[in-house]
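Spelled out, the chains give:
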Amino acid sequence: MAPRVGCFLLAVLISASCKVITSSNPMCTEKEANKTYNCENLDLREIPDTLPNTTEFLEFGFNFLPTIQNITFSRLINLIFLDLTRCQINWVREDTFQNHHQLNTIVLTGNPLIFMAETSLTGPKLLKHLFLTQTGISNLEFIPVHNLENLESLHLGSNHISSINLPENFPTQNLKVLDFQNNAIHYISSKDINGLEQATNLSLNFNGNDIKGIEPGAFNSKIFQSLKFGGSLNLSVILKGLQNSTIQSLWLGTFEDTDDQDLTSATFEGLCDMAVESINLQKHHFDGFSPSTFRCFTRLQELDLTAAHLKGLPSGIEGMNSLKKLVLNANSFDQLCQINAASFPSLTDLYVKGNMKKLDLGARCLEKLENLQKLDLSHSDIEASDCCNLQLKNLPHLQYLNLSYNEPLGLEDQAFKECPRLELLDLAFTHLLVKAAQSPFQNLHLLRVLNLSHCLLDTSNRHLLEGLLDLRHLNVQGNHFQDGSISKTNLLQTVSSLEILILSSCDLLSIDQQAFHGLGNMSHLDLSHNSLTGDSMDAFSPLKGLYLNLAANNIRIIPPHLLPALSQQSTINLSHNPLDCTCSNIHFITWYKENLHKLEGSEETVCANPPPLRGVKLSDVKLSCGLTGTGIFFLVVFVFLVIILLIFSVKFLLRWKYQHI
Amino acid sequence: MQVLMAAFLVWSLMSPQGRGTEAWPTHTACRDGSLQVLYQSCDALQDFGFSVDQCPKQLKPNLNIRFGIILREDIEELFLDVALFSKGLSILNFSYPICEADLPKFSFCGRRKGEQIYYAGPINNPGFEIPEGEYQVLLELYTQDRSTVACANATLLCS
Chain Z
1 MAPRVGCFLL AVLISASCKV ITSSNPMCTE KEANKTYNCE NLDLREIPDT LPNTTEFLEF
61 GFNFLPTIQN ITFSRLINLI FLDLTRCQIN WVREDTFQNH HQLNTIVLTG NPLIFMAETS
121 LTGPKLLKHL FLTQTGISNL EFIPVHNLEN LESLHLGSNH ISSINLPENF PTQNLKVLDF
181 QNNAIHYISS KDINGLEQAT NLSLNFNGND IKGIEPGAFN SKIFQSLKFG GSLNLSVILK
241 GLQNSTIQSL WLGTFEDTDD QDLTSATFEG LCDMAVESIN LQKHHFDGFS PSTFRCFTRL
301 QELDLTAAHL KGLPSGIEGM NSLKKLVLNA NSFDQLCQIN AASFPSLTDL YVKGNMKKLD
361 LGARCLEKLE NLQKLDLSHS DIEASDCCNL QLKNLPHLQY LNLSYNEPLG LEDQAFKECP
421 RLELLDLAFT HLLVKAAQSP FQNLHLLRVL NLSHCLLDTS NRHLLEGLLD LRHLNVQGNH
481 FQDGSISKTN LLQTVSSLEI LILSSCDLLS IDQQAFHGLG NMSHLDLSHN SLTGDSMDAF
541 SPLKGLYLNL AANNIRIIPP HLLPALSQQS TINLSHNPLD CTCSNIHFIT WYKENLHKLE
601 GSEETVCANP PPLRGVKLSD VKLSCGLTGT GIFFLVVFVF LVIILLIFSV KFLLRWKYQH
661 I
Chain D
1 MQVLMAAFLV WSLMSPQGRG TEAWPTHTAC RDGSLQVLYQ SCDALQDFGF SVDQCPKQLK
61 PNLNIRFGII LREDIEELFL DVALFSKGLS ILNFSYPICE ADLPKFSFCG RRKGEQIYYA
121 GPINNPGFEI PEGEYQVLLE LYTQDRSTVA CANATLLCS
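Here the protein sequences come in this chain order: Z and D. The first sequence maps to residues 1 to 661 in the UniProt record's numbering. The second sequence maps to residues 1 to 159 in the UniProt record's numbering.
Only chain Z is shown next, with the shape it has when bound in the complex (with noise of 0.2 Å):
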């Protein structure tokens, strides 16, 4: 009996012990206190007593919950959004949201659902978003219809859908975003659209489906925002079938791993008997062009044609006089002159990004185009010894200019004189060759925003950045500047009117004192990454109300009269800084503690110094250096000692010399 007992006992005192250890073993994340949790891939199969009943936002995607009821999230009434991604959800039963007024999302993605009870939905007062990807529905009766009224997006993709025919009494008025990617849906019928009447600039994606046909007439003076069938294999029974359709975004893009057919003058024939704004004809192919191909485009404002296997656009387009928006990225064009722009008269924005080949800038290529506000020329091979006057010839409206990450670019004295309305100028990661004394910004007074990090500029040339007016945004990272250190005379003196500036990762050891003389606007400053110093917060002193980041310098110890030259700033990052946490620096150790609501980063910014500190966050470091007052006491008591001890001896040594006289 004894031992059997003992078993049990044993038996029980290990299942207690277990169960202590789920309870506080893998914890959900808060991301905001009391609001945001994630408990995600825990293995869950219950929501944890540990979350809070103020739990508005939860993600519990990759746990375990076969069955949710009622019960399974009643203590949680007050959330907003809940992801149950992935939970091996089979049933959802009868009022299982019932309290959960204010419940506005509900993510099911990816679980396995038998069936779904007539009131599992009921009970949110405004639930807006529904996710049911890839839940095995191909009856979309299945989905319950009760208090669906305020639905503003429903997403179905990855499901067997072969018919988007809504149940009769579907609510659709608030409905915006009907998602079907991934189905087995062929064709669209009127019966199936008439469903949608009431719903207003509806967003359709049938994004990989394959779209055989469209019943005439089904979208006969409808109105969508956007609608998609990315992957389609037969563009012209789509842009048939849309006939007299009015549409602000057409998506007809196809994929690298989709077969498809040339695209033809024929393919766009349907386009002229429907209104679109803007049409997206991504990786297709174009069986050359006839001067008809593009018959139908021109009541086109945008036109996409991404990696489009474009070697040129043939001259002569007539017709599109009203298209704003030309994106050619990522096609394979020698010249940019080979686009034809002057087809374009309309044109503010034009992308040739990510060219395949290295792209020739011309001459003159683009001086048609006197209403251009936005050109991106990013990542395209290009090289210019002389740029950028006669290549951005006759451009006097441009305001954004891109030419990141390309070749080396020689850049002359006023070098963007031909667009004086720049107003964001990116040149990251582009090699800029100036000529000494030279100034390639001058005469850009409307000048913003100006991105040279990683250009290999040559610092030392002061009047660099002369002529910029009204720069407020100027970043730096990644360039030199001469023994590692800002001088009280540098180029940062012409632009005055900054407010913020990047100089991280230059390889900085010090900063004059005087260097940001001037830059009395100047709201954010990035310094990171450096080899800086305490010395040289100095240079702050001048500057109030910044946003410093000294983060990942060489930062060790911080003087104590540098210190005020901190105070006054508004927020400070240390993190990442090799800091002595020894009573040499306990001035600025005290300081920190004092401002911890100033300082950012305070989880990284630890100790180097002495080792037994090293690792330790300053915030909890304590240090007791110099006398304390225990100490004075102490000493105190024992000088007091010392003396009375010594008048003490002295008295007995003279009374024991008069005794032996």
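Be aware that one or more of the hints could be misleading.
DSSO-like cross-link-like pairs, simulated, lysine-lysine; straight-line CA separation at most 30 Å [stated by the list, open to error]:
1) Z:K393 with Z:K488
2) Z:K358 with D:K60
3) Z:K435 with Z:K417
4) Z:K311 with D:K60
Hint data in this document are derived by calculation from the structure and do not stem from the laboratory.
Using the hints provided, position chain D relative to the given structure of chain Z.
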């Protein structure tokens, strides 16, 4: 009997704790006479399936692969990092965008967290010949906020 029961109880209670700490098994992506490609998932959360249809020493351009995985993240933006090592020395590093908001190259771009995806199709690689030797390849698929979608430690054995 009871002792056995208790032991079983202890074992069954303790065993789930050990799960997940073990490494995922090593799989063969392809084996073709002189070339063999082995891989192992380095994502602590899950394994994935991968195979290459043919892998002769002289790699053909536009190889066909098969790939099956459960997505732990939305992949509207997806990038691939490849690091190639031989004898412990780094030979090649590159980063390649697979899905971008303005250029979804593949049909699976834009699919969502929790979706199971199976891809069988071309990968648009250049053709090249693999010199003899043993190579280590670290492959990582990640999203715009640097969350891992898949991670593989692969070994190429070429003789």
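Checklist line | Agreement of K311 of chain Z and K60 of chain D with the hint, judged by alpha carbon distance not exceeding 30 Å | finding: 25 Å, holds
Next item on the list: Please work out if K435 of chain Z and K417 of chain Z have their alpha carbons no farther apart than 30 Å.
Entry: 17 Å, holds
Next item on the list: Below or equal to 30 Å on CA atoms is what counts here, so check K393 of chain Z against K488 of chain Z.
Entry: 38 Å, violated
Margin query: For K358 of chain Z and K60 of chain D, compute the direct alpha-carbon distance and say whether it is at most 30 Å.
Written below: Holds. K358 of chain Z to K60 of chain D sits at ~25 Å (cutoff 30 Å).
Checked against the numbered hints given earlier, this structure breaks only hint 1.
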